[in-house]
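If you read the sequences in order, they're chains A and B. Per full-length UniProt numbering, residue 1 is the first one in the first sequence, and the count goes up by one each step. Per full-length UniProt numbering, residue 1 is the first one in the second sequence, and the count goes up by one each step.
It is worth saying that the hints were derived from the structure and are not from the lab. Fair warning: there could be bad hints in the mix.
Which copy is meant is left open, because identical chains are indistinguishable; a pair holds if it fits in one copy or across any two.
As the list claims (entries may be wrong) - Below 30 Å or equal to it, Euclidean Cα-Cα: the simulated DSS-like pairs (lysine-lysine) are:
1. Lys146 - Lys108
2. Lys137 - Lys25
3. Lys44 - Lys108
4. Lys165 - Lys153
5. Lys201 - Lys44
6. Lys201 - Lys22
7. Lys165 - Lys137
8. Lys153 - Lys201
9. Lys146 - Lys165
10. Lys201 - Lys137
11. Lys199 - Lys153
12. Lys165 - Lys44
13. Lys146 - Lys199
14. Lys199 - Lys137
15. Lys165 - Lys108
16. Lys199 - Lys44
These numbers come from a predicted model, not from an experiment.
What follows is the residue order along each chain.
There are 2 protein chains.
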Amino acid sequence: MNISIIGIGLLGGSFALAVREKYPKARFIGVDASQVHGQLALAKGIIDEAMPLEQAVPISDLVVLATPVNTILTLLPGILNTLPEQATVLDLGSTKESICTLADAHPKRRQFVAAHPMAGTENSGPGAAFRELLPGKNLIICDREKSAPDSLKLVEALFLDIGMKLFYMTPQEHDLHLAYVSHLSHISAFALGLTVLEKEKDEQAIFDMASTGFSSTVRLAKSSPQMWAPIFDQNRENVSQALADYIEFLQRFKTLIDDRDVSNSLDFMARANVIRRVLEGIEKR
Amino acid sequence: MNISIIGIGLLGGSFALAVREKYPKARFIGVDASQVHGQLALAKGIIDEAMPLEQAVPISDLVVLATPVNTILTLLPGILNTLPEQATVLDLGSTKESICTLADAHPKRRQFVAAHPMAGTENSGPGAAFRELLPGKNLIICDREKSAPDSLKLVEALFLDIGMKLFYMTPQEHDLHLAYVSHLSHISAFALGLTVLEKEKDEQAIFDMASTGFSSTVRLAKSSPQMWAPIFDQNRENVSQALADYIEFLQRFKTLIDDRDVSNSLDFMARANVIRRVLEGIEKR
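Please work from the sequences and hints to get the whole structure.
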């Protein structure tokens, strides 16, 4: 079985590492705009060979699109065009609506599976890839009924085998929920990083003063702009609404502080404490 | 040497555990509004005995105020009143200006040392205390010249011996910097937690969908309202300004997203990426 990884970064690379451990007879082909990424992925044992996209697709049983989501939009139609009849193309993009809308317009839609592994770190590139990234995490599949049964089965089998838990929803549900539980977290971290950097132009003051509270909240501000700008753009309606909601809570809290309304301030935080139960649910997984 | 810990929570408890390991002949007296906290602290070996404040202070060599900062304001004058001549009272509060202003008005100011250990977790109470909390972290001492040399020496010796690194600044500098590098992080997490909870009234959706990105950003939303409400209130001017700055960055980013200005969106995030270097500095410590 030939599996082509398009975009051998954190996600594509980690997927390959997890799958190849279970499927040692599969052949992994890497396609990446960056020659350096290809070299590193070869040397790290993520892929068995590197080749250009147009050579890889026609010989693939499974094509995995693990590039930024704008690149997915650019590449997907062409990939479907040249994809062999029994083969499947899978995307791992962090947005789903734009990608699914595009795929729906293609005559070979049934050979496409729309997925999103809920996993990542703030690092990028094949150097960041590691086998343990995906196992134990959740995979979301959207519009599964629009994929051919065999294509869906292939994808489900692989991801279940590497230890992921599968969830199904529409692309609209996916993008709405992710705006709140993921995209907003990243934006809040970027903005927090900027706010602190702007104020503490002397970075030494930050070094001296920050405790791990700061580190964890702002960790996501290390994330790749090239990955996230297309995500926020494709999911702009939901992200914009999530931001509006978030800003409103912040303004409300600011008002409580300005008014010295300690009692309601306590309530505000006590309600947020409910997240403890939620997080314990997540951490138990 | 008798050391009284007033408020045997995460901080007071962890301080006692770290110090008693190095100073096995010291006697630790616990004072806490909660009888349960006293019982737990005794059973856990954090303190050697529990007693009311008015009994503890007159027999102490060092009194450590590790309560919420509003309680510190309430208790400090009375403690200074009854503190023996050669003894020292130390506070560990997360704000410094209000506390120092109050202390400055007391005739026995020189027996007071204003400090703040930059360390914590989102947990509270003696059950949360652990010996390794403070070692390796930073301690800030404010207005050191207003403390008697022996009082300062006692505090510095203890904290250095348990492995903390000492920094000195004015209470004003402390409160300003902390508004940005600490207090704002906590507020952003509280608000993020509320925004997500409000939207995802079905908590299961959050369980299913969140990845560790969400967990780390919102972890601080588990923090104690009783601890944080007084901090935000005492430091309200700086905190309000920090919030205003943060909200502005968020609104700016929202505008870039609404305008589909991907190029400036990339810039915005690239500037925030500078925090990577800052965080690596923190993590190396």
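A quick look at each hint next to the structure:
no. : hint            : result
1   : Lys146 - Lys108 : within (10 Å within a copy, 78 Å between copies)
2   : Lys137 - Lys25  : within (25 Å within a copy, 50 Å between copies)
3   : Lys44 - Lys108  : neither (34 Å within a copy, 66 Å between copies)
4   : Lys165 - Lys153 : within (14 Å within a copy, 57 Å between copies)
5   : Lys201 - Lys44  : neither (39 Å within a copy, 44 Å between copies)
6   : Lys201 - Lys22  : neither (49 Å within a copy, 38 Å between copies)
7   : Lys165 - Lys137 : within (6 Å within a copy, 39 Å between copies)
8   : Lys153 - Lys201 : neither (53 Å within a copy, 32 Å between copies)
9   : Lys146 - Lys165 : within (20 Å within a copy, 60 Å between copies)
10  : Lys201 - Lys137 : between (38 Å within a copy, 22 Å between copies)
11  : Lys199 - Lys153 : neither (52 Å within a copy, 33 Å between copies)
12  : Lys165 - Lys44  : within (27 Å within a copy, 40 Å between copies)
13  : Lys146 - Lys199 : between (50 Å within a copy, 28 Å between copies)
14  : Lys199 - Lys137 : between (37 Å within a copy, 23 Å between copies)
15  : Lys165 - Lys108 : within (27 Å within a copy, 63 Å between copies)
16  : Lys199 - Lys44  : neither (41 Å within a copy, 42 Å between copies)
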